[in-house]
Structures are given as structure tokens and as C-alpha cells.
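*Asks:* Here's the letter readout for the chains.
2 protein chains.
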Amino acid sequence: MTTFLYSNLYQFTYSVFISIGCSDEHATVATKTLLSADLRGIDSHGVARLSGYVRLWEAKRVNANPQIKIIHETPSTATIDGDAGLGLVVAPFAMQVAIDKAKIAGTGWVSVCNSNHFGIAGYHAMMALQHDMIGMAMTNASALVAPTFSKERMLGTNPIAVAIPANHQPSFVADMATTTAANGKLEILQRKNEDIPLGWAQDKDGIDSTDANIIKKQGALLPLGSDREHGSHKGYALGSIVDIFSGVLSGGSYGPWVPPFPAYVPMPEYQPGKGLGHFFGAMRIDAFRPAEDFKQHMDIWIERFRKATPMEGHDKVLIPGDPEREMEIERMREGIPIVDSVLDDLKKVGEKFDLKF
Amino acid sequence: MTTFLYSNLYQFTYSVFISIGCSDEHATVATKTLLSADLRGIDSHGVARLSGYVRLWEAKRVNANPQIKIIHETPSTATIDGDAGLGLVVAPFAMQVAIDKAKIAGTGWVSVCNSNHFGIAGYHAMMALQHDMIGMAMTNASALVAPTFSKERMLGTNPIAVAIPANHQPSFVADMATTTAANGKLEILQRKNEDIPLGWAQDKDGIDSTDANIIKKQGALLPLGSDREHGSHKGYALGSIVDIFSGVLSGGSYGPWVPPFPAYVPMPEYQPGKGLGHFFGAMRIDAFRPAEDFKQHMDIWIERFRKATPMEGHDKVLIPGDPEREMEIERMREGIPIVDSVLDDLKKVGEKFDLKF
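Residue numbers (our numbering), protein chains in the order written: chain H, 50 to 406; chain U, 50 to 406.
Keep in mind that the hints were calculated from the coordinates and are not lab data.
Think of the CB as a built atom: it goes at the ideal place given N, C-alpha and C, for glycine as much as any other residue.
Everything hinted at is true.
To list a few chain U residues with every Cβ distance to chain H over 12 Å, as calculated: (1) E74; (2) R98; (3) H180; (4) Q239; (5) D260; (6) F310.
Per the computed footprint, the stretches of chain H lying under chain U, defined by three or more beta-carbons under 8 Å from a beta-carbon of chain U, are: (7) 152–158; (8) 199–206; (9) 300–306.
Can you build the whole structure from these sequences, using the hints too?
*Replies:* Laid out in C-alpha cells, this is it:
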């Protein structure tokens, strides 16, 4: 484990995106988006994935110079073709379109096809906050999740993020995979050589498993709820809604046919649409009530929930976004710890482009 | 258990709503909305609640002749004051406004304050389907759910419904409480004198409980995910989003201050807003891509998921809405079974208004 300053990681990551042929503007956006994951403590989605993006570019599955286009629109909606660009670039573009629509129509909703992985959903949703808007972001991803009663993987971990502004209190920011546990949590236990709890994953026959490596053995992650008795059909429905809004509504791919992130995994033979899909929303607060009123009530909401009587063994009840915000402050100040395997990976990426890490 | 034809239940329920002073139009809407729960097999939300609505009216917490008003709007949004009307009447009104907005602006989003319980969320979301729109409905409710790490009840079971049209396949209809199990499921086990599974509820000290009556003993339902290790912070975030969109955005009440459904429970002393809140959305499919294309791909999506390899012991993978749709066909034909306690309750309601049940 080595700790790096944000500015150092930024410079290196930016240079890598420039090296694969991104414009200065796109490299800047991609770097900020990617590193927001490391800052917020979602290590699985940050620089740990940089080499993966490079490999997708090498495999010609990512276009470093996309012409991102609005292909259809109404006053409150748009459909965007990402031209196979980095999701890290396509997503902020699309979220900005949603925000611009909301300025005029009250809300803006954008479905995106022909994109790639977009980093953490929360980053895009949070773009709305400075405009006194509620932001939403979701994306589909390649299939790792088995629906309730299924042995087969049919859905990605399909995250949903919702960011809601407050007044004196920090914003409410929920950013969650629609599975019981995100894949990154399994990876952490893999590295420690520890078991995963029952209820996170199943083996290839659909039997509950404690093997942290089970996904590599044709196992599957479980939808939020874990099993039917504990509501996994709800997690399955949520993941499906994300898939449909992101993939089917946009003209992207969906379900088991979503393109895989690892470039060594062949593309599914059948492609019902183009690339990964995302879905974004922005709702202007004052399209419903005066923004100041709303934000004052959000302060009351947040303060009341923070004061809920905690269980024995817990200091306090958290508000969605609390841990990530605290992590961001800490890591901006103290630096970002990078585990050795990711460090090696980044060094190799550097060598590829004659960049020193 | 006695089985009644839909038409008989309809006539009785309609007459009760007329008896409390609803107009013919409102009584019709309220009856259809309420009985959609019985038809779809969500027995806890149908005629079983009729006496509860009557008691709210007796306690002057429900206005049988509401002047439902749009108090603010933009091209794609509206805020509605339900004038303390039956949610069963206010909600279809508001959903229609969302649909009308979507016809012009591409999407419509309506936040509602000063309402009451609205029956099942799925009914309202499904209103969008005939217009080739995606429908959404959610509502807050009085606090029965403890956030992650909380002993205190802070949220209602706050359901989310999403209805998505297909072509030859039946529509995708998800309708779910944001808890592991809906309160109605506990009530079923109470009647059978059976325990509930671990992971559904906790006692007043926050300890996991198997007592089906624990909610009556200051216990709490658990958010979807059950515990922190299995993602209960995600269920808590979802329930919170529903509360904020429904209550805070509309100027309604929220969190632990949402008015209780049982009329004998006193109103919370502090009221940050007016009544229960709901939130509705309608998105015109062809605001994103041609509706025929979308619906054909929804058929492919549904057919592929139905064909996912099932686990041992299960015939097939279900699509959200399958069980409720099958139940509706069966109950429309065979009748609706009413348990004895509900039957007694309905008879008493009938006596009150000199109506024969």
C-alpha cells in the first residue's frame, strides 16, 4: 500500500488519457470522473480500472475521440449516442444535457446508448446539486447478477445514484449497486483470502456460497435482498428497471448482452443495441416549491434522522453520502492509498506510454 | 374465508364512499383504486382497509369532497395540494396530470402534499401504460421502519412502483415496499400464529426478532437488505428518497411526522408539512425512441429473462408483475376471498351506513 497525493494521480491519469488520443477537454473530464471514485473511497471504480479502460481502447471497443450526439429530443428529454466514447466523458456530457433541459422544462431526462463504463454514478448525479436540482444517474453493465430463482447471470450490478441538495447540512447522496454487495467488496475479501458472508453470491448451481472467488467460477452476485424470503425479487426489479431505462430506452444493449468491461472477454454474439446504456435525470427544485423552503426542510429532515436513537454499539445513524464525503475530505488532505497490485498495474500502463508513475 | 365476486365488493365499497359524502365520480375512482389491490392479491391494501378510511373520515382527517389543486407547475412538473382528500382519489388525479404533462413536454412529474393513503402504488403507475408511457408512483407513510443502526422508527414502508409497456408480452410492473417484507406479510403470519423469518423486523432495542407481533411492541420493520452487511443502508436510502420526493418536495409531512393511518393514533405534535405525500412520473416512450421499437425490445427482454435457466426446485424465472397479473385474472373470474376478520369489519361498516354486505 502506497499513498499518493490526488494531484499526482491526477497528472498521471490525465497523461494516460491524452496518450490514448483524448482531447485536453475529454482527458480532463475523464480524469476528474475516474478519480472521484478514489476520493470517495470507492476504490474498485477509480484508478484501479485505468488499465481496463486502456485495454478496451486497445481492443478498439473505446473511441478516444467520440462525436457525442443528441439523436432525439423533446422539451424534457434527450436520447444520446455516445459514439463508443469513454463513459467517463459521455456521462458528464449527458448529465449536462439533463441539467440544461431542466432549466427550461423543469426536469430533464437523458437516456444514452453506445457508451462504456462511466465510473461512479454518484459523481454524475452530484453535478445537479450546484444548480439547486436533484440529480439522478444509473447505468447498466455486463451481467454478473442472477435474478431471483435464476442460476444464470442476467444483469449487471446496475447502480442507482440520487443526489439531493440541503441548506446548511451537506447534500443527501445515495449511490448504490442494486445487489446486496458490490463486486468491489468481494475483491477486498479475495485479497485478504477471507470468505464472503452468506447472502452475497451463489455458485453456478444457484446454491448460496461463501467463496469470495465464486464469480470467477461461473457464480453470480445476488440482487439486493439476497433471497426471495428477504426481498431479492425487489433488488432484481430495481436492477431490471436500471437496465431498461439505460439500455432498452436508449437503443443500447441490455440484459445478458451488455458488452463486458474486461477486454479479453469476447463480445456477446448477439447485440440487441449499441454499447452500454446510461440514464440521467435532473429535477429543478423550484419546479416544485421554492428552493430555499425545500433546502430548509432538507436540513430538518437530515438533522432529525441524524438524531434517531442509535442501536447499542453504534454512535449514530448515518445519512446517505456521509461516509463518502468524510472520505473525500480525508483523502484530498492525506492522499489516496493504492494497493500494490493496482500500483504494479499503473506502472505497466505508464511504461506503455513512456509515462513515469 | 368467504369468496365474493368483484362486482359485489365493488357495489358495497362504492356505496360506502357515497355514504361518507363522496361524489359519484370520486366514489367510482376510489372504489376502483382500492379494489385493484384485492384483485392483484395485495390483500392488506384493499377492502381490508375500507373501515380504516371510514374511521379517518370520522376523525375528520379525510375530506370526502376535496378541491384538489395544482399549486405550482412548469412544462414538465406540477405540485398538487390534495385538500386532505382520500389518496385513492387524489393519486389518480395527480397521475393524470403527470400523463398530460408528458404528452406535451415528453415527461411529467408530480409531487403531492396534503393527501392520505393511496392504495397500491402499482395501480397509479399502470395508468401510464395505455398511453405508451412508463409510469412511476411512490408514497410516504407513517413511520414503521428503522434506518440502519437506528432503534427508532423513522420511515414508512414507502413503496415504489414502475410500470413499463411491452408489445406482445404483458407489461413489466414492479410494485414494492422499500422494506425486506411488507407489513401485510407480518399480518398473514400473525393470523396463522407463526414466527416471521429473521431479517424482517427488530424489537424496540434494535435486536433481530421473529415475533410476528413485534411492530405492536415498539419494534420496527427493516429496510430492504435486512442488515448493514446485506445492504440495509440501500433499502434505507430508497425509503428516504421516496420520503423526500413525496413529502419534502411537495410541502407534505415526512419522516417520523407522517400522519398515521389508524385514526386512534394521535397526530404527531409537530407537522413540518401538510398530510401524506406522493410522487408520480410519466415518461412518453417516443420522447426517447419510437414506441414500437421500444416495445419490441421489451418483448425480447422479457422473453430472454423468462428463459433464464432456473434453479433446482423452481420452474422458471418470473418477470415483475407476473404473479399479480395472474392473480387478477383468477380473481376477476373466481372471485376474491375475504378472511373472516375482514368480513366482520366490512359488516360493521355496512351497519354504520345501513348498507347490507
